[in-house]
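S.K.: Next come the chains, spelled out residue by residue.
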Amino acid sequence: MANTKRYVITAITLGIIGAASAGIIGVTNLVTREKIKQNEQNKINEGIAEIFGHNSTIFNTQSIENEKYTNTVYFVKADEKNQYAFRADGSNMYGKISLLVGFNELNQFKGISVIVNEQTYASTLVNNYINPMKEADNKDDALEDVSCGATYGAKLIRDLVNDARNVVKKINAKE
Amino acid sequence: MSTFISFVLAIISSMLIDNVVLSRFYGICPFLGVSRKVKSSLGMGIAVVFVIILATCICWPLYTYVLEPAEIPFMDTVAYILVIASLVQLVGLFIKKYSPSLYKSLGIYLPLITTNCAVLGVVQSNTDQGLTFLNALANGIGTSVGFLVVIVVFSCIRVRLESANTPKAFKGLPIALITAAIMAIAFMGLQGLFSGIKL
Amino acid sequence: MKREKGQTKKNFLKGIIQENPLLVSILGTCPALATTKSLEAAIGMGILFTIVLLCSNVLISLLRKLIPDEIRTPAYIVIIATFVTMVKMFTNAFLPELYSTLGVFISLIVVNCIVLGRAEAYASKNGVFDSFIDALGMGVGYTLSLCLLAFFRELLGTGGFTFGQIFTFIPLTKLIIPGAEKFAISLFQTPAGAFIVFGIVLAVVAFIKNRKAELKAFEAKQAKLKAAEEAKAKLAAQQAQGGQQ
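Chains as they are written, first to last, in our numbering: chain G, 1 to 175; chain L, 1 to 199; chain D, 1 to 245.
It should be emphasised that the hints constitute simulated quantities derived from the structure, not laboratory data.
The structure displayed is predicted, hence computed values, not measured ones.
We treat Cβ as the ideally placed atom computed from N, Cα and C, and that holds for glycine.
You may find that some hints are simply not true.
What the hints assert, rightly or not - These stretches of chain D come out as covered by chain L in the derived footprint (C-beta under 8 Å, 3 or more residues): (1) 56-70; (2) 80-93; (3) 109-116; (4) 146-157.
Please work from the sequences and hints to get the whole structure.
M.R.: See the structure below:
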């Protein structure tokens, strides 16, 4: 009898602790959710400023769905011209990556900015592939040069950029 | 690239190139604490392999099919640590019942695994990085086998260090850490191992 | 009352020096090696760790009579994991740079042996105030030792210090010794450098310990000699007295 009582008390205590923990975490999530979303939006804005210069504004967004991905295109006005930034998400065996890919009005690749980089070799990828690409004059050549110590991540970025290029081309053709 | 090749490459990569102890720093505590004797390090390593693979197989579906559809992905850490703690208990009971001799050699290391950050680290980074199940499994296998390899090699070195003539201040842990540093430098040489493979 | 005050101070200081969790007890080594690439990351990790330790120690000490003995460890783990998740979310919301720098190591505070160790060894047996002070001492001690490692790693690896990259609310400042950049040893920024620095710091700690032990032994020997000499002198004096009589 005493044993049963003890088991019941133990179970109830564990249950209470578990429920309290879930409740507290839920409330924290409610408090911080908006702020986290806003941080991501800030990061996108910063990325657009980095690619197109500080005089750029987003004037329209459109989400694109096909069998491969759901993504967002940002129509950017910079230097009085309509340009595009493409939010591209992808993943390979080393983790996911989320990019902002910029194209100018002639569909030429203009630059990338990293939003989320959860790759195992994230720092190698940034130091040896993304940063040199940002500084390179010929961005297309830098994009093709994937040997950098994190080859799979670089190939993933190249494929994402090429996918984005095709999508942007399609949008242009429609207009 | 075929799935099988990518599976094997992911295992090798998380085992050797991005080794769990020497470049990701998970599980340093058992690495330093249980590596005085080759036998005990072998026991610890095998126990870790066992638990990490099981934990990966449970936690990845738990996150993808339960936590995410229920829109509570933020409960992940709590759920994982509970799964790992109860898994360690269950594995202990199971081995005790069906193979007492195995329990004799592995049993004392099992409770230590709950607080081994390699297990939670692998499980957490699997879902944080958004890996598919196959790649998560590859990461689990590679990481745990990498841990086993490194801790056994390290214990072999430490046995010899015991009788070496080291300065008094470096006796014990300090010289072991310096040895680990040299091992880490050796493993750094494996970076970019796959660059030449065309797929 | 005064004695109590002295005890509080002692309780606080023991976490920093005599029982320093990282350098003396060698606990919590994983984040100590992984997050000490730069001084800023080390400070951030130390602060997050201290917050978790403070909260869990206080709550566990409050609940110590309510939690049955059989489920002590699971209950503690759930409490610690809750606080870690909260800290993780707040960091993600208000210091996103720190969140992405520390990455999975924020979650790994759950399995940090120090937090569970303090809960088991101290908070489950002592009052709320004592547990609070104990946690504060341990947290500060851990933060300081992280900073010590990060100081050497960043100085030797980059030739100076950079602030403002992680704590974005302070302006970006680079304190680099002129000319030292050329001689920076980037090995110290890699994992291997972490092991080397930690090993050498531990060796210095061991050296100080040995020195203290030697000094103590030396003092004890001196005291013994002195006592023997005094006894001899006393004996001589007694003998002299006896001779006079």
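S.K.: Could you run down the list of hints and mark each one as holding or not?
M.R.: Each hint, compared with the structure:
1. Look at the region 56-70 of chain D against chain L: 0 of its residues bring a Cβ nearer than 8 Å to a Cβ of that chain, fewer than three, so the hint is violated.
2. For a cut-off of 8 Å, the count of residues in the region 80-93 of chain D with a CB near a CB of chain L stands at 6, and the three-residue condition holds.
3. Only residues whose beta carbon comes within less than 8 Å of a beta carbon in chain L count, and the region 109-116 of chain D has 5; three or more means the coverage holds.
4. Only residues whose C-beta sits within less than 8 Å of a C-beta in chain L count toward coverage, and the region 146-157 of chain D has 0 of them, not enough to reach three; the restraint is violated.
Checked against the numbered hints listed earlier, the structure breaks hints 1, 4; every other hint is satisfied.
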